[in-house]
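**Student:** Protein sequences appear in the order of chains A and B.
Positions in the first sequence are counted from 1; adding 230 to them yields this note's numbering.
Positions in the second sequence are counted from 1; adding 230 to them yields this note's numbering.
Since the hints were made in silico from the structure, they are not lab data.
Computed from a predicted model, the values in this text were never measured in an experiment.
Just so you know, not all the hints are guaranteed correct.
[What the hints assert, rightly or not] Selected chain B positions facing chain A (in silico; Cβ < 8 Å):
hint: 1; residue: Gln247
hint: 2; residue: Gly250
hint: 3; residue: Arg273
hint: 4; residue: Asp303
hint: 5; residue: Leu477
Virtual Cβ for every residue (Gly too), placed ideally from N, Cα, C.
Each chain, written out:
Number of protein chains: 2
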Amino acid sequence: MRIPDDVRARLASQTSQLWGEPGVIDLGIGQPQDALLPVEEFRRAMASAAVPRFQLQYGIERGDGLLRMALADALTPRYGVPVDAERMIISNGNSQAIDWCCATLAHPGDVVLVEDPTYFLARAIFADHGLRVIGLPTDDQGLLPDALEQALITHRPAFVYTIPTFANPTGTTTSADRRAAIVELIARHGSLLVADEVYHLLSYGAAPPPPYCAWLDSGVVVCLGTFSKILAPGLRLGWVQAAEPTLARLVGHGTLVSGGGLNPFAAPIVTAMLQDGTALAYLDRLRSIYAARVGVMDDALRDAFGPERAGGEVTWRTPEGGYFFWLQLPAGMDAAAIRPHAVARGAAFQPGATFSPDGGFGHCLRLSFAYYGEEDLARGVRIIAETVTEAITAAATGG
Amino acid sequence: MRIPDDVRARLASQTSQLWGEPGVIDLGIGQPQDALLPVEEFRRAMASAAVPRFQLQYGIERGDGLLRMALADALTPRYGVPVDAERMIISNGNSQAIDWCCATLAHPGDVVLVEDPTYFLARAIFADHGLRVIGLPTDDQGLLPDALEQALITHRPAFVYTIPTFANPTGTTTSADRRAAIVELIARHGSLLVADEVYHLLSYGAAPPPPYCAWLDSGVVVCLGTFSKILAPGLRLGWVQAAEPTLARLVGHGTLVSGGGLNPFAAPIVTAMLQDGTALAYLDRLRSIYAARVGVMDDALRDAFGPERAGGEVTWRTPEGGYFFWLQLPAGMDAAAIRPHAVARGAAFQPGATFSPDGGFGHCLRLSFAYYGEEDLARGVRIIAETVTEAITAAATGG
Chain A
231 MRIPDDVRAR LASQTSQLWG EPGVIDLGIG QPQDALLPVE EFRRAMASAA
281 VPRFQLQYGI ERGDGLLRMA LADALTPRYG VPVDAERMII SNGNSQAIDW
331 CCATLAHPGD VVLVEDPTYF LARAIFADHG LRVIGLPTDD QGLLPDALEQ
381 ALITHRPAFV YTIPTFANPT GTTTSADRRA AIVELIARHG SLLVADEVYH
431 LLSYGAAPPP PYCAWLDSGV VVCLGTFSKI LAPGLRLGWV QAAEPTLARL
481 VGHGTLVSGG GLNPFAAPIV TAMLQDGTAL AYLDRLRSIY AARVGVMDDA
531 LRDAFGPERA GGEVTWRTPE GGYFFWLQLP AGMDAAAIRP HAVARGAAFQ
581 PGATFSPDGG FGHCLRLSFA YYGEEDLARG VRIIAETVTE AITAAATGG
Chain B
231 MRIPDDVRAR LASQTSQLWG EPGVIDLGIG QPQDALLPVE EFRRAMASAA
281 VPRFQLQYGI ERGDGLLRMA LADALTPRYG VPVDAERMII SNGNSQAIDW
331 CCATLAHPGD VVLVEDPTYF LARAIFADHG LRVIGLPTDD QGLLPDALEQ
381 ALITHRPAFV YTIPTFANPT GTTTSADRRA AIVELIARHG SLLVADEVYH
431 LLSYGAAPPP PYCAWLDSGV VVCLGTFSKI LAPGLRLGWV QAAEPTLARL
481 VGHGTLVSGG GLNPFAAPIV TAMLQDGTAL AYLDRLRSIY AARVGVMDDA
531 LRDAFGPERA GGEVTWRTPE GGYFFWLQLP AGMDAAAIRP HAVARGAAFQ
581 PGATFSPDGG FGHCLRLSFA YYGEEDLARG VRIIAETVTE AITAAATGG
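Chain A on its own, in the form it takes in the complex:
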């Protein structure tokens, strides 16, 4: 049976995950821009790849020791804390690692505590495992210890899921003092902390506080890192740091026991790119590109909403890392209702309520600067700002 030509054409176009609508600058997309992907770096790495036999064999359950060693060497100076390759396992990226935490560290019906707002697609993974998600309040230093402690007592969660640095969607970074307090509370109440540190290495100013792996000895933290935002999401390659016995629980996942370690195939290629400096050089290039985009977006927002970022009707903080601006419109505004009007004019965003387990934050919206270049970012912000301003005016005049 030969596949018909129209089916062939359709299949040939089905390669990447697609979020956008054609002709719309969708600042809701939290993916890296195609044009920024390190195609040349990978072409060079693969052209000279050695192809060791273990790359093709069932991998060791904890993941290639050579990759873990290269990661420890590369991360230690960047994290500012010693990274222990023997308390690390290789993952298929953070989405799979979250899935894996749900499977091995929780039971159906258990509670997971999350920041409200949080990464909305993590909630889809929690739902797969029958976990109940409860949101916790935050301030500009991260999770609020008092509210966290009350929830630990009330809900006895399987774990707390946090995005501690340059968080999705708010850009908030949990302060070092707050981190220490959170670890202490979680240890005292016998729970675990799953820290999704996907944006940690994407800093554009001062270095953020140490990642939670600095508290590995507490025995209660599980730290998830990934190459998705710093090298290539298509790799499906990441790392998980935890102390025993939590590490052993994770490695006991049935798919690891059966299929061996995750992603032996990509490991040696990335190991080589870490060892020869290619990966970190690319990361630093990304950081400088994103830092410039933050400036462009900040300027465009100030042009549109006025210089009084904190005092105006629409407020935001300039992100110091990560992927996102988080805008707060006046209370009572509904960003989801505004979105179709923006789309009609050619731009889109993620409404805030998407990120809230309770549907809160309806007056907020998330803009990403990862997927578009500077010109599109400025144009997208202008369109969104016009639409938002009209909606605010209409609300004020009862229109």
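With chain A held as given, fit chain B onto it using these hints.
**Tutor:** Below, chain B alone, put in the same frame as chain A:
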């Protein structure tokens, strides 16, 4: 912090999943031999790889359409039935695909029906999801329809898990008539059939009956295929065939929605190896090597246990595909108790009870010819046969 040299040496040795004990020919290992892995084929494919941008981006949830098209083109003549690239999704191999079926097609507490004996590591995955595993009797044509129907009525399983062709551990192939009857029964009783077709393409004689994807229109079959046994397990790359709406349920898995399709990175490399014939040429080379090993092992078994394979004390059938010989010792013998004596002499096997949800088949054992070359296979069989023969003699004389 520099990693100490002794830790470096330890990490550098942690690359592949290890099952064997040093100095022991372990015919229990169900992995391909390192020496057979297609290192040169991959070196060539990677040296000339194009690195399309989508290889590095979040992949489309169903998996790269170009790989699905190349798979459909390659599988259609080999399967002898039309393979529909639009009713296929790309997996991380069959272990992950089983995990995925558990997550999306079952709920904790549900029953899964399996052949008794079955692949023991699948049971670890079912356990991760809180599923109850119930074994069904088989004969040399596969699952027994009457017993299957009774179990479908009694247990109302989420799905039936089967290894229909050159099964692990018995080597049994379900006949075409039996397949049709099984599909009809499962459809009538509102369940699903998850067919793990990992060994289908590894045939050494007549072509096996069509894989279960021939019954895709029934809406009740989910067929799992993988490159693990025919190209390289380290790829963590496979394919799942199903009809809507089951396909949509699988694609709704939270990790796919969040992280995109599985393994965009390996996909274009394997697509190229399918398109230029490298992958199928390698498969055919493997088939001829394994066919020769079957002959060597069969000869060694006959030399040890006598020519009357079916009438002797130890019986087996010569496998027509797959990885395994399944030996039956006299009733009452305990293969697990014999194993340490074989190990002490330098050879090992998988005791039959490992494969039984109820701990049955204690008098059976599984030998694989995948991991060792002909000389080691003959030597391993001789050691095991000596140990088994001594145990039979001792039992007969009450020793």
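**Student:** To test your reading of the hints: which numbers does this structure violate?
**Tutor:** Result: hints 2, 5 break, sorted rising.
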